[in-house]
Every structure is written in structure tokens, then in C-alpha cells.
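J.: The residues making up each chain are set out below.
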Amino acid sequence: MRLTREHASWLVTNIPGSHVRPDDLERTYTVHPPIPSAPALPHERRVAIDGDALVWEVFLETDTSVAVSDGWIARRLYAHIPFAGGIGEGAVAHHARLVLAPDFRRRTIGGTICANEERLYRRWGVREIHLHAKQDGPTVWIRLGFAPRDPESLLAEFRRWAARRGHDPHLRDWADLPGEFLRGYSWLPLIKVLH
Amino acid sequence: MRETLSIRTDLEHLATIEWCEGSLVVHAVHPEYETAVERWRLQGLLEWLPEGEAVVPRHTPSSDRLFLGRLEAYLRTHYPGHHTVLQATPTTPVKSTEARGIELGDLLPMAAAAVLTFSLVGGGAGTLELARPGQAFSPTPTGQVRP
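Protein chains in written order, with this note's numbering: chain A, 1 to 195; chain B, 1001 to 1147.
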């Protein structure tokens, strides 16, 4: 699973200052879960330039062909997207999904992949990650440092929710949002700004 | 065409925004919602839309004629506690009536001008109604964000 010369050229041409290595994706998605000891290895479904985006889709499995990811991990990288977390535009990655097979959840694999991706994005010059969280996703992603893309709208709805239940409507941190409140969102836009 | 979007929750009014000829004017806004409106005005609306297996971006600047409609749909889709009302008012040219000996002022009291109101409240069905001038849109200009 290697980036071709074409992919590397797209990155350095569209994102000035990006540093690209051919094995970037392979290194990013190779993780070593504590149990079982076999590493989760990435397998490429697609790495391609699709319109004005660089896209890649991978699935993870052990060397004994046990699925680690539940379906594909899909990413799209755009070089010129208006920033949600500030003024201007630049490189933004959109994360479509990261779901792990049940036996591999709660073993720090998801957090490791996210940390690897952020390290890669910083080297490539990506400024923001955008995603939509569903099911139990909002709680997990907010714990991993993501924030609402429309904080004023979410806070307005939290004030309404808190007023109905007699909760304190003031928050110190996004991580203080109750899971019961966040479970009401089936498609919540979240972002992470990479400094 | 002039459009007005009103945004609120069960608890409080959040904003009333008007789009007219490419400009966005804020007529009333909750203090904690000002930054959202200012961000939309400056940066427009970015959406990620499903397209086949992929999710692709769509950016609509606030000067775009479609901006308020897309913002209304975006809020309704992503924030179920938001109630939005979008009103569109066609701007009709005023014709001179002096040649027929009628003063324009004579017409105004009976002007059942065609003000088209399209309301969507919490994803409910759209309704069409006729309103007299000033009825469909009469916001109180409080807390206007710098244009």
C-alpha cells in the first residue's frame, strides 16, 4: 500500500510545504493492538485522485485474516476547502468512517489510528479534519479532541435540553456534554483543527 | 428576491437574517449566536453531501441566492431542536399610475401585494399564504451585526 509518484506529486503541488513518503499510508494504518499481539495491517481498496480530492480506502486485518476494521476506513483530502475553524481555506481531510470489529473495540486501536492520521496530516500540511458522528460517535470523537462544527447551534440545543431537565446549562468543556444529550444526534458535524 | 430566515429553539429566539440582492443583514440575534451568524456571513456554508459511496463538499457563499435556503435545510437536518422559518418575498417593480389619473398613494391602503410566504417549521409541511406588506416580515432591528 504505497503512494505513487502521482499521489505524491498531487500532495506537494496542491499543499505547499507538504512532506510525503511513499509508505505514509502503510505506516499510518499499521497498528499494534495490545491483545491479540498480531498487528493490524492495512489493505488497500483504493488510493486515487478523484476529481479535486486525494482519496484512500483501507481495511484492517491481522496476518491471520481476522478483520480488525468493520468495513472500509474512507478518507478524502481536499487541498482548497473553506476552513470551519477559522478564516481562509486550505487542506481539509474528511473522514467518512472508522468502525472497528466488535472484538477490537476499546483496545486503543481507534485512538492510535487517529493519532497516526493527525501526525501524518501535520506533515502533509492538512489544517482541519471534518466528520459526521452518528450512533455513539459524538461522545467518542469529542473525547478524542473533536469539537462541534456549529458550536452555537449545539449550545443552544443544550440550553434547551438542560432547561427541560433542570441541568446546569453551562459547560467548561465539550467533553462535559452528557451522553444522553449527544445520543439525540444522528449526523452531528464535528471538526478538529490541527495546530 | 428577498428572503428572511428565522431560527429559534423551544427556549429562545436565535436569529433573524435577511438575504437581499447578495447581502446578508442580521435583524435580530441572540448574543450567544452572533458568532455563528458572522461566520456564515463571512465564510458561507460548507456542507458534506453523499454522492454515491463518497461524501463530497459543497460551499455556498452568503452572497449566493441559494444561501438562506441551504442554511435552513442544513440546520433542520443536523439540529433537530432548531425551528426555522424561511420566507421569500418577490420584489415586484412599481408601475407608474399617473397616466390614468390615479395616485400611487391611493393604492397602498388596499395593496394586497403578493407576498409569498413559505414556512417550514421543524420539518413540517410547507404552507403558502398571502400577506399584506409588512406582515410577513417585520423584525425588530436589535443587535444588527455589521454588514
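The hints are simulated quantities; they were obtained by calculation from the structure and are not laboratory data.
Predicted model only: the values in this text are computed from it and were never measured.
Backbone N, C-alpha and C fix where the C-beta goes; we use that ideal spot for every residue, glycine too.
Check the hints yourself; a few may be wrong.
[As the list claims (entries may be wrong)] Derived Cβ-Cβ restraints for the label pairs, each shown as a range:
1) A:V12 / B:H1059: 19 to 27 Å
2) A:R143 / B:P1090: 44 to 52 Å
3) A:D52 / B:P1090: 19 to 27 Å
4) A:R5 / B:E1051: 40 to 48 Å
5) A:E89 / B:R1070: 14 to 22 Å
6) B:P1050 / A:H167: 33 to 41 Å
7) A:R119 / B:H1013: 39 to 47 Å
[Claimed, not checked] Here are the computed lysine to aspartate or glutamate pairs in the EDC-like style, where the Cα-Cα straight-line distance is at most 20 Å:
8) A:K134 / B:E1047
9) A:K134 / B:E1021
10) A:K134 / A:E89
11) A:K134 / A:D168
12) A:K134 / A:D52
13) A:K134 / B:E1053
J.: Does each hint fit the structure? Answer for all of them.
T.: Right, here's what the structure says about each hint:
no.	hint	in the structure
1	A:V12 / B:H1059: 19 to 27 Å	24 Å, holds
2	A:R143 / B:P1090: 44 to 52 Å	49 Å, holds
3	A:D52 / B:P1090: 19 to 27 Å	36 Å, violated
4	A:R5 / B:E1051: 40 to 48 Å	28 Å, violated
5	A:E89 / B:R1070: 14 to 22 Å	18 Å, holds
6	B:P1050 / A:H167: 33 to 41 Å	34 Å, holds
7	A:R119 / B:H1013: 39 to 47 Å	44 Å, holds
8	A:K134 / B:E1047	16 Å, holds
9	A:K134 / B:E1021	37 Å, violated
10	A:K134 / A:E89	26 Å, violated
11	A:K134 / A:D168	25 Å, violated
12	A:K134 / A:D52	27 Å, violated
13	A:K134 / B:E1053	17 Å, holds
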